[in-house]
Each structure stands twice: as C-alpha cells, then as structure tokens.
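Protein chains in written order, with the numbering used here: chain A, 520 to 1178; chain B, 4 to 254; chain C, 237 to 484.
Covered stretches of chain A, as calculated for chain B (at least 3 residues, CB under 8 Å):
# : stretch
1 : 578 to 586
2 : 757 to 771
3 : 784 to 795
4 : 987 to 995
5 : 1080 to 1086
Since the hints were derived computationally from the structure, they do not count as laboratory data. Here a beta-carbon is modelled for each residue, glycine too, at the ideal position from N, C-alpha and C.
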Amino acid sequence: MKLDSKIPQGSISDKWTSYKSSVPLVNPANKRNLNIIVVGTGLAGASAAATLAEMGYQVSAFCFQDSPRRAHSIAAQGGINAAKNYQNDGDSVYRLFYDTIKGGDYRSREGNVHRLAEVSTNIIDQCVAQGVPFAREYGGTLSNRSFGGTQVQRTFYAAGQTGQQLLLGAYSALERQVGIGNVKMFARHEMIEVVTIEGKARGIIARNLETGQLERHFAHAVLLCTGGYGNVFYLSTNAMGSNVTAAWKAHRAGAVFGNPCFTQIHPTCIPVSGHYQSKLTLMSESLRNDGRIWVPKKQGDDRHPNDIPEEERDYYLERRYPAFGNLVPRDIASRAAKERCDAGHGVGPSKMAVYLDFKYNMMNKYGKEEASKKGIKNPSDQILLELGRDVIKGKYGNLFDMYKQITDENPYEVPMRIYPAVHYTMGGLWVDYELMTTVPGLYALGEANFSEHGANRLGASALMQGLADGYFVIPYTIGNYLSKEIHTKPISTDHEEFVKAENKAQARINHFLTINGKRSVESYHRELGLIMWNKCGMARNEKGLKEAISEIQALREDFYKNVKVPGSADEFNPELDKAGRVADFLELGELMCLDALHRNESCGGHFREEFQTEEGEALRDDEQYKCVFAWELKGENNWELHREELNYENIKIQQRSYK
Amino acid sequence: MGNSMKINLQVWRQKNAKTEGRFETYQVNASPDMSFLEMFDVLNEELIEDGKEPVAFDHDCREGICGMCSMVINGRPHGPKQAVTTCQLHMRSFNDGDTVVVEPWRANAFPVVKDLSVNRSAFDRIISSGGFVSVNTGNAVDANSILISKEVADTAFESAMCIGCGACVSACKNASAMLFVGAKVTQLSALPQGQPERESRVVAMVNQMDAEGFGACTNTGACAAECPKEIPLSVIATLNREYYKAKLNGK
Amino acid sequence: MFYTNGNAFQLLNLQTFILTKRYKYMGVLSFLFSSSLGRKLIMAVTGISLIAFLLVHCLINATVFFNDGGKTFNEAAEFMAHNWFIRTTEILLFVGLLLHIIQGIYLVFDNRKKRSAKYSGKAGNANSTWYSRSMGLLGSIVLIFLVLHLKHFWVVSRFEIPHGLNDENLFAEMVAVFENPIAVIVYVIGCFGLTYHLMHGFGSAFQTFGINHKSYTPFINSVGMAFSFVIPLIFAAIPVVMHLGLIK
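Using the sequences and the hints given, assemble the complete structure.
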C-alpha cells in the first residue's frame, strides 16, 4: 500500500484556496440523490451533518447517546483558538500554524495544519452567527484568553463551558436540518460494522441500543466523527461511553491507523481518590493563566500547604521553563509533574499530586488591581485576598465549585491538588488531505483522525479542529469523491456484503452472551487500563512495552474465556454495549504499545525513557522518525507498518524549547 | 477515605416501557468519596457477580455537563444537593444506614427505556421545531461586527447553560418543560442573531412542547429549584412574554 | 371526543371543542384555549381581575367596622347594586370567574394526565411550597365557600330580601346569617383557603404575564404576600366579630 496524502501543490498559503477553486462540485439536483452517513454527533459530526444537509445531501446521523447534544465535545472547558488577532498582539494565520506544528513536536502535516489555521477564523464567525454566547468585553467585542504553548491571546471562550456552547450551536444547526427533513437522526444507535462493496465504503451496520435490533444503512459515503480512544486507559477525562469501536471497525475493514500511541496526558486533573474511581475530571488548562504549580522542596513534606513558607516551595515549571512558565504545553507540564512526584515531592494522601495555587495571583495581580480601582490605599493581605477572590470566582467559578464538589476541599482557601490524566488521543484513523481514510468513501473527522496535532495537541485546538473539519473542510473535499458517485444508484441493503457484515456483527454479539464466565466487562477494562497507564502512559520503555503487549494478549484471551455479559441481545443492555467496546480496546491497546515500541524517539506526548536529553526533555530523532506511523491490519493481531514522511518546507524544525 | 458506609437502596426496576415496574431493595457498601453513580457501579458489579441483571441507568460524561444522568433520589431529581447533577453527587451527602429511594424521571413525555433510563427525545424535537438560528454554514459575517453588550451576553449565557437533562420536567408536578423551552427562547431572543425568527421560534417551540405531552406550567418554581445549572425562573416569564407578543402579532 | 368515556375530565374537553373547533373566527385569540400558555394567560387575567374585585369588595365590607349600624355599608351596597357601570362589570366578573374555574379544573386534570406513574419518594417542600402545588384543592375550597356566600348575600341582594326591615338592608342580612356559628366557621375556613390561594396566585399571575425582574419582582411578591394575609383577614374578621356581637 502506498500512502498518498494528496497535499495540493503550491505555496503553503495557496494550497487550500486553490484546492477549493478546483475541486469538482456536485450540482444541487445530484446532491439530493446522494446519501451520507455521519457517525457521531460531537463537534465534528454535528457540524458536518448539518452543513452537508444544508448543501442538499441526504444525511443519516448516528450517536450512541440518547441525544446528539450529549456527545463528549460538550465537556470541553477552556476555549477554542482562532487566528483573529482581535487582541492586536501579533497573531496571524502563520503564527497559529507555526504554534500548532511546534506544539505537535513536528509530527503533523504542514498542509493540513495551515488549512486549519486558515479556517479557524470562519469558525468563530459561524458560531457567533448561530448565537453561541462567547464571553464579551464591556464594549461588546469578543474576549480572549491565553492557553498553553502560545504567547498570544487567541482563545475564545464561554466561561468554563466553551465546548458545551459550541456543541449546542452545532446541535441546533443539526436539529434544524432534522426538522427540515434533510437529516435522519438515529440516537441510541452504535455503529458496529462498516460495509464495503467493491472496495468502497457503502454503509454501516448499526445496533439500536434500545431494542438490540441490528440495522443496515446504505450511503454513498460514510463519515466517522467518533472521537478519541483515551478510554483504553480506563481512567481518563473522556465520557464513560467514549470508545474506539467505530474507528476500530473501520480499521478492521481496511482503514490504516495513524500514530496510535500519541496520547495526550492533561496536566491538570483531579487526582484519583479510590479504587472505585470510574473517571477523572479535568480542571481546565485556562486555570494555569492564574494558578501557579508547585511542590514542597522537601521530599515527603506532610505539612498543610498553607503552612509551607514561600522559600520552601518549588515552582518547578517557572524554574525550568522561564519563558512560558506555568503555560508550557500539556505534555511538558504533565511530564514535569510526574518527574516531581516520582522524585518524592508529591502531595496529598496518594503522594501523586502537585499543587495548583491561586493565592499569589489572587492577592498580587487581581487583589491589587481591584484595590487600586476602588482607591483603597495600603490594603491588608486579607482585603487583597477577598478582592482577588471575587475576580477569580468570576473567571473560574464553575470549575472551583466542581473541584469542591468532588474533593470536599475549598480551592479558594487551599491550593488545588492536581495530577495528569489521559485526555486526548492525537492518533487516529489515517486520513489524507481530504480527510479520507485508506478506504475510498470512508472519512474520519475530528479527534477520530490522526492529522493536525502531531505528537501533542495545544489547548483549545481540539474544538477548532472538530469544527474546522465539519463546517469548512469536508463540505468541499467530499465533493471530489461524490462527484464521481452521481451515477451510483442506492444499493439495496439486501446486498450480500450487508448480509455478511450483519452476520458477523450478530455472531460477535452472540459470542459475548454465550461465554458466560465469571468476570465483569468492567474488571477487564480496569485491568487493561492499568497495563496501559503503567507501561504505555506518560513514560514508556522498551521492556515495559514488550511486557504490556504480552499482558494484553493474555488478558484478551482470558476475556474471551471468562467474561460475563448478562442479559440478552434483544433489549437495552448497557453491559453488552460495553463488552463490544472493551473487546475493541483490548485489540487497540496492543497496537498502541506496538506503535510506541517502534518509535525509538521521544516526541510530544510520546516519551520513551531511553530517548531524553540530559535535562530530561524529549529527544526527537528527525532522521528516522520525522514521519507518520500508519498501521495496516493484515490478519488477527498482525500489522504492517507504513510510513508517511513529513516534509517541512515552511517551518525550520528545531529542538522544541519553551525555556 | 476508607471509612465505609452502608446504604439501603430501593431501586426502580422496569424491563421496558411496556411492562410494569417495581422497587427492589439492595444493600451497598459505599465510601463517602464515591459519586452516586460510582456507588451504582459497585452495585452492578455485585449483581453481575451474583448472576443477576445489573441496573440500567443513563450516564456519560460524569462531570455534570452532558445532561445524561437522570435519577430521582428520595423524590428529588439529581438528589438532595443544590446545583449538582447525579454524577457529581457524592456519597458524603448521605449518612451510614440511610435508605435511599431511586426512581427514573417520571413523565409521560419521557417514557421509560429500562430501569432508571428514560427517552428524552421530546427535547430534541422541541429544539428541532425552532430552537436555532437559521444560518447556513458560510453565511456568517465577521464575529466582531455584531457587538453584544456584556450584560446581554451574560443573560444569554446564563440560559444557554441548560444541559437538557430534564430535571425540570421531572421535578414539576405537571411534568412541564417550560424551564427547558424558556431557557432556549431567552437565550436566542436576547441576542441580536435571534431577532429575525424571534416570534416564529417561540410559537413553534411552544406548540411542539404541548404536542409532546408536557404539562402546563403553574409557576410552582420546582423546576428552577432543582435545575442543576440553576437556570432562573425568569426564563419562564420571558417565554410567556415572548409567546404572547408573538401571538398578538398574529404568529 | 368527549363521548369516549364518561369521566369528568372528558366533559371538560367540551369547552375546548366548542371554542377551538367550532368557533374558528376567534382567530388570533384561539390560542387562549388551545395552547398551554394561552390557558395560563386566562388564569392570570381572570385571577388578577378577581384580585381587583376582592380589593373593592373588602373595602366596602370593611365599612362595617365603622360600627354605625350598617349605615355606610348599606349605602355602599346600594350604590354597587344600582350603578350601571358596576352592574356591567359584575357580568364580566362572573364570566371571568367562570373561565377561571373551568380553565382551572381543566389544567388540574390535564396536568395530572402528564404523569401516569407517580413518584414514590417524596420531595416534600424541598423545591416548592405546598400551596403552590395545591391550587386545585385551595380553589375548590374557595369555590365551595363561594357558592354558599353567593347564596347568602348575592342572591339575596339581587332577588329577595327575606329579613328586610326596609328595602335593602344587607347589613341586617349579615347579622342574621352570622348568628349561625357553622356559617362563621365555614367563612373562616373559606378565608384560609383564599389566603393560600392568593399567596401563590398573586405572584404567579405576574410571572405568567412575563413580569419577572430582579429589581421589582421582590416588591410584587411582598405586596402579594401582604395582600394575601390582610384581605382574607378582614373578610374573616367580619363574621367573627358579628357573631360575637361586637358589631351590631
């Protein structure tokens, strides 16, 4: 197989413009006869489904949740980047492009990333037009804030609920099309097979989760907008239902999987509190605008944080990275936290946490500002603290409340305890410039694909990518494929490939139900997660990865002997749904370890302990690994590695430094 | 941490919408730091081990934003605490030995799917009847060309925080969806972008709300009191005002 | 549609049937009977009218406290009985009252249908006041009282004066009626029902009109609360003091 990324010719800033002007179009009459399936209704899925329907295509949209509005994009907190330069601080499309490539540690495609930066501005316009209530200044203009890995303010936000507001915008556009009749919505439906006919994606087998019924759906093209696979780690900031199943079935149907081991570990999450823990909760990166991260200088210091004097605190990010300080990119902040905890400086009951402290900025930044606004002369510390607290409350109130609710500690009084947690997967289905996988007619959008973030994603860029793909990229690129499909009449779902796919799915479901073992699906998931976290998590090494592979293989074998799936196939049965998802995670986990094992370098979120600088920073090997690893499934648990070389013509690659 | 508490659970079990349901009693050992849903995870693990059928309940993000979790706990949607969803409710809000009654949202417009899980697609249909701004992708002008005062933006945001969980319906003695509809109408009628469809929107949404079989509002205020996102009762007043204005204009 | 079964609720659909299906010419106003918000508007408009009536009624009744043998009161009553404007308003008021009752009953029964399976756990007053949830019951208490009250005084004043010493001595009629302790108790209970009915109804009407603003809603609610206590208190005091013979 030869991977062709189909990057258009021309200078970087002209590629997308010239592509758009020359891509074949489908005329309105023909659009009405073309069916498109969109799986997943998060930012990428909802925006794609709505936009394609607006254009006149016949769209069927699927989500496993009870409503398209609940997709996990809704939980994104901090914001969305766009190169608007509204703050007049020197931002530009090129700078956003540059920051994203550098943030991704030079492992993403120039062409895709530049396009992303170009359309970023349109996204904000579109969302505002839909009525998304972004934060505003008193004069009525949009407000911005900073995020990690950048030195400009380009992040648009709606308090700590930006993802929610953007998704509800896309959801309302989607529901509008449902009302008009251009989108058929299938909620509580899970895609469990891709159907290919003569090498092209022609539909899916979906399971109605409410009734257990298997359904066949035909389409001229299938879009997977099914998010990331962070839940392979069991504990992550993903929703409980987030899964890899759709992407994995596509992989099994021939789609190549790109950079599976590139996982983002988010530095600021609430630490694990007990063995029953089911998920981890993120504390938005935006908190690092005003919170300072520290640990006690003394190892195993058990004093209450407020009793540890200033000179005995180690603000290790500010110490190590003076230029970016607390706002270094996520991979760096996470690794630094792990390094401090491993060195015995961790805090809290588990000693696996660091402090995120707002007191300094409450007093010295906001407190003083407010005091001076109010004309208070020589304010006491107490007054400064109170004034500053109100400002902090206004900016992050809901996050502070959430922290208190979960930990029963008041973050206005005591520093937050945080620790890194799995958050996002940069890897995903390999796609070309048109977002098409290696299966013709099968596309992957948003987090489900591998493309724009390289080895590390910058904060507030996931929302940008999801919406860029859905609103502004796929509506153009899909034309190139569908313009050649206008003569394809709808294929009957009685076609043998549909029958075969359904039988396969049915057999798998029956198999789960008949194993009748002793262990719950959840227990396997938890065990897999532990293997992944310990051996394919924030730091990886050859020995660990090899062990992990054999442990996962053994676990998978045991799963198919000993798992207990209660209930039946013809009813609402969440345990059965989970069984299918965990079975896929058990295969994916192995591939992730394999990928990590083959990448003998450290880059972004992928940190191989064998490859680091003397200062403990990631050591890239651009000679050998300036490429995408794309894995093709050749048989059960047998993969062939393809490489897509990455060319940097517009950016000079260098050692990534935030010092 | 570590100190365990015994909870007596009375959980509503119902195979599907067509069958009758009943309460079953279970005892669970919980930890005060667990979330209410994690306590259900523990219960389900035990049920599966005992070869019994686990309790079906809706949940997804477990951080209070997706709006999927939906349990009526001791007669109150999302349990006894103010401004939290069930997934953010922790067992420290209960005492060792407490008996806790857990039921699904009960409203004819939200038929039971199974056990504690209900079908809330009526909400989607209400949004689909008018809860949007009709602006196709690509039609937008520069974002800063629409100036919106901070007050208006804040009002819109306050009502846009609705997570569509349905606690308002479940709390209301009339199973009315006015808070949900009011929140969306308030958001869009406050913003300049929502003006062109302002009147047709509110009429369409109210018609759909009635057609879905939600009850009429009698202003008891239970919805706002139980709303996990603290959507204020004033959105219902706004909805009323918007609707009457539209009607008197012949919409 | 209202033949399908014989329960009371179905009969109420008659009103919907007549007003929405047949009298289409109502046009723009048909929503008052077809949409949940329209019905609410009727409740609020008629409710506020009745509140206005209560105020006038109460002011007139309060004249008995002059303790002038009913002189002022009788003059006022006579004015009310013969003024053409008042008489016309009275008709409107009766129509309003009727609508308030019919819509109220409809809403109570229709709303009840929206939740077939009831909750087993009880929220108590955790999220709303008991009286706001019991407007149907409170309204019924007021209605029962009202029937009796109309029979005691309105019918009498308009059609017959059995105890009449002179032509229209309504005061004497009051003295006579309130000699009976049972009547006094019924009136006091009626006033209790009215208090709670008003405690919710007053503010609720404004909310229905869409008047809810953080700067004046607290004021409206305070006025509502004061009204709900003071007016029924005055009403209830009259039979009590008359029964005790403090006013003659």
